[in-house]
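A.B. asks: Residue 224 is where the first sequence starts when you use our numbering, and the numbers rise one by one after that.
Treat the hints with caution; some may be incorrect.
Derived DEER-like restraints, expressed as beta-carbon distance ranges [unchecked claim]:
hint: 1; residue 1: Ser227; residue 2: Arg301; range: 12 to 22 Å
hint: 2; residue 1: Gly464; residue 2: Glu321; range: 52 to 62 Å
hint: 3; residue 1: Tyr329; residue 2: Leu256; range: 17 to 27 Å
hint: 4; residue 1: Glu528; residue 2: Gln324; range: 49 to 59 Å
hint: 5; residue 1: Glu509; residue 2: Ala362; range: 32 to 42 Å
hint: 6; residue 1: Glu509; residue 2: Asp370; range: 27 to 37 Å
hint: 7; residue 1: Pro668; residue 2: Gln235; range: 20 to 30 Å
hint: 8; residue 1: Pro575; residue 2: Phe456; range: 18 to 28 Å
hint: 9; residue 1: Pro310; residue 2: Pro503; range: 14 to 24 Å
hint: 10; residue 1: Glu321; residue 2: Ile399; range: 40 to 50 Å
Below, a list of computed lysine-lysine pairs in the BS3-like style, where the Cα atoms sit at most 27 Å apart [stated by the list, open to error]:
hint: 11; residue 1: Lys480; residue 2: Lys494
hint: 12; residue 1: Lys253; residue 2: Lys318
hint: 13; residue 1: Lys531; residue 2: Lys439
hint: 14; residue 1: Lys318; residue 2: Lys250
hint: 15; residue 1: Lys610; residue 2: Lys564
hint: 16; residue 1: Lys564; residue 2: Lys439
hint: 17; residue 1: Lys480; residue 2: Lys366
hint: 18; residue 1: Lys552; residue 2: Lys494
hint: 19; residue 1: Lys302; residue 2: Lys286
hint: 20; residue 1: Lys286; residue 2: Lys250
hint: 21; residue 1: Lys255; residue 2: Lys275
Read the hints as simulated data drawn from the structure, not as lab findings. Glycine included, each C-beta is placed from N, C-alpha and C at the ideal position.
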Amino acid sequence: MATSMLIQDIAQYEGQEVFVRGWLYNKTHKGKLVFMQVRDGSGIAQCVIFQKEVSEAEFEAAKALPQESSLILTGTVRKDERAPGYPGGYEIGVKSLEVIQNADEYPITPKDHGIEFLMDNRHLWLRSSRQWAILRIRATIIKAIRDWLDDHGYLLVDTPILTPAAGENTTTLFEIDYFGEPAYLAQTGQLYNEVNMAAHGKVYCFGPTFRAEKSKTRRHLMEFWMVEPEMAFFDLDALIGMEQEFVSYIVQTVLSKHAQELAILERDTSKLENVIAPFPRITYTEAVARLQKLAAETGDPELKENLKIEWGDDLGAPHETALAEMFDKPVFVTHYPVEAKAFYMEPNKDNPRVVNCTDLLAPEGYGEITGGSERIFDRDLMAQRVKTMNISEEAYSWYIDLRRFGSVPHAGFGLGVERVVAWVCGLPHIRETIPYPRMLNRKYP
RNA sequence: UCCGCAGUAGCUCAAUCGGCAGAGCAAUCGGCUGUUAACCGAUGGGUUGUAGGUUCGAGUCCUACCUGCGGAGCCA
Numbered sequence: 224m225a226t227s228m229l230i231q232d233i234a235q236y237e238g239q240e241v242f243v244r245g246w247l248y249n250k251t252h253k254g255k256l257v258f259m260q261v262r263d264g265s266g267i268a269q270c271v272i273f274q275k276e277v278s279e280a281e282f283e284a285a286k287a288l289p290q291e292s293s294l295i296l297t298g299t300v301r302k303d304e305r306a307p308g309y310p311g312g313y314e315i316g317v318k319s320l321e322v323i324q325n326a327d328e329y330p331i332t333p334k335d336h337g338i339e340f341l342m343d344n345r346h347l348w349l350r351s352s353r354q355w356a357i358l359r360i361r362a363t364i365i366k367a368i369r370d371w372l373d374d375h376g377y378l379l380v381d382t383p384i385l386t387p388a389a390g391e392n393t394t395t396l397f398e399i400d401y402f403g404e405p406a407y408l409a410q411t412g413q414l415y416n417e418v419n420m421a422a423h424g425k426v427y428c429f430g431p432t433f434r435a436e437k438s439k440t441r442r443h444l445m446e447f448w449m450v451e452p453e454m455a456f457f458d459l460d461a462l463i464g465m466e467q468e469f470v471s472y473i474v475q476t477v478l479s480k481h482a483q484e485l486a487i488l489e490r491d492t493s494k495l496e497n498v499i500a501p502f503p504r505i506t507y508t509e510a511v512a513r514l515q516k517l518a519a520e521t522g523d524p525e526l527k528e529n530l531k532i533e534w535g536d537d538l539g540a541p542h543e544t545a546l547a548e549m550f551d552k553p554v555f556v557t558h559y560p561v562e563a564k565a566f567y568m569e570p571n572k573d574n575p576r577v578v579n580c581t582d583l584l585a586p587e588g589y590g591e592i593t594g595g596s597e598r599i600f601d602r603d604l605m606a607q608r609v610k611t612m613n614i615s616e617e618a619y620s621w622y623i624d625l626r627r628f629g630s631v632p633h634a635g636f637g638l639g640v641e642r643v644v645a646w647v648c649g650l651p652h653i654r655e656t657i658p659y660p661r662m663l664n665r666k667y668p
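Using the sequences and the hints given, assemble the complete structure.
C.D. replies: In structure tokens:
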């Protein structure tokens, strides 16, 4: 009697008769022999069909079976070093084959395809092993994020997605009709996090966020997932200490669990093995000096132009890439100019022109993966900021109330899940890090 | 939004100076007992993104538009 088997466990079933339910991933046949690569969601196994060992109808069905047809097959697991697949090294000698559905001609073949075609067929592309590997790693990253926070005294407190007013910048919000009134899709849970922090001490929110920025780069999505921890009584040092432990844990967890998936992605893992706290840190002012020095020394006129920066300018993508290349780990850049950052960031006591904030830049040009800061907790300073930023005091009265009823120093940050996935997987573009990317020119499928 | 590039068979691409629209893969049929993007032989497959213009003749030149890609800005 055949037992049900997941392909990921194939090595445990050597010599046993099993049945597998799945889809035909690829096929080649050679006379009286058919090799089928069958995937079941947990892995891919080679299934070998000899003409003599099955009925004539089954053999003819196997030879003619189109890619991605669904099937059930039974057979005996045997060890064979030649057998490809994930995990591979074992194959199934097929004894019977039942076709559930003969698929139509499948558009995605094992050959090369262009990105537009693949994105149009995203619903099918997700079945290919590269996308399979990415989404498995994404799931582990999400679990690692939650595990670490849950295990370190952080409480998950959900923040709303439908919000009445802007979080940071009104021009980048998706507006929707809320029974005749405007409402907006959340672009951050930050302000609500501060409320929750005052109730629970250390909190985080984790969910999709929405930004109507007309960004068209390899690092931007209109809809992306962000985890935002917020901690009472944390200063910048405590924030940095926590962030580096957190990020190290995420990366090391993926390394320990996904050797197979990282191999499918051909990721150079030596660069990830290095990602262990502590990470280097430099100030914004030092970063600008380093960039100016690099710009002065380079012989490449294009690079020189791209690296042009004056104190006060925010760092652009080429700056972040150049800075990250100077280190073999993620690097914290701290103390940006007040003007370059959000209204709620705490000014530095010794130098009020900068705020106590930090961005974490990933290596290899993956850019900013976290952004965080101490928050202004002084009632008068917050009132003044709200005024100068022209923010509606009425709409934000609940936020301003925080500074009236037991205000405390606190800090928090946001980490973009897709950017972390892109970095850990070594992907050139963020569009593959989420199952259904929402981009400037695409909302299908 | 700005700068640059592209759109030809289901897919990836080719087509010289403006002169018969072509190959690989996929599909279909046949062959082969160890394939790893198999291989060998055969067959079918086209409104060249859309609209207009120049020309004896346009995939190729011109104009407008559409769609996508790469980069910038903004950000996580």
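A.B. asks: Which numbered conditions among the earlier hints are violated in the structure presented, ordered from lowest to highest?
C.D. replies: 7, 9
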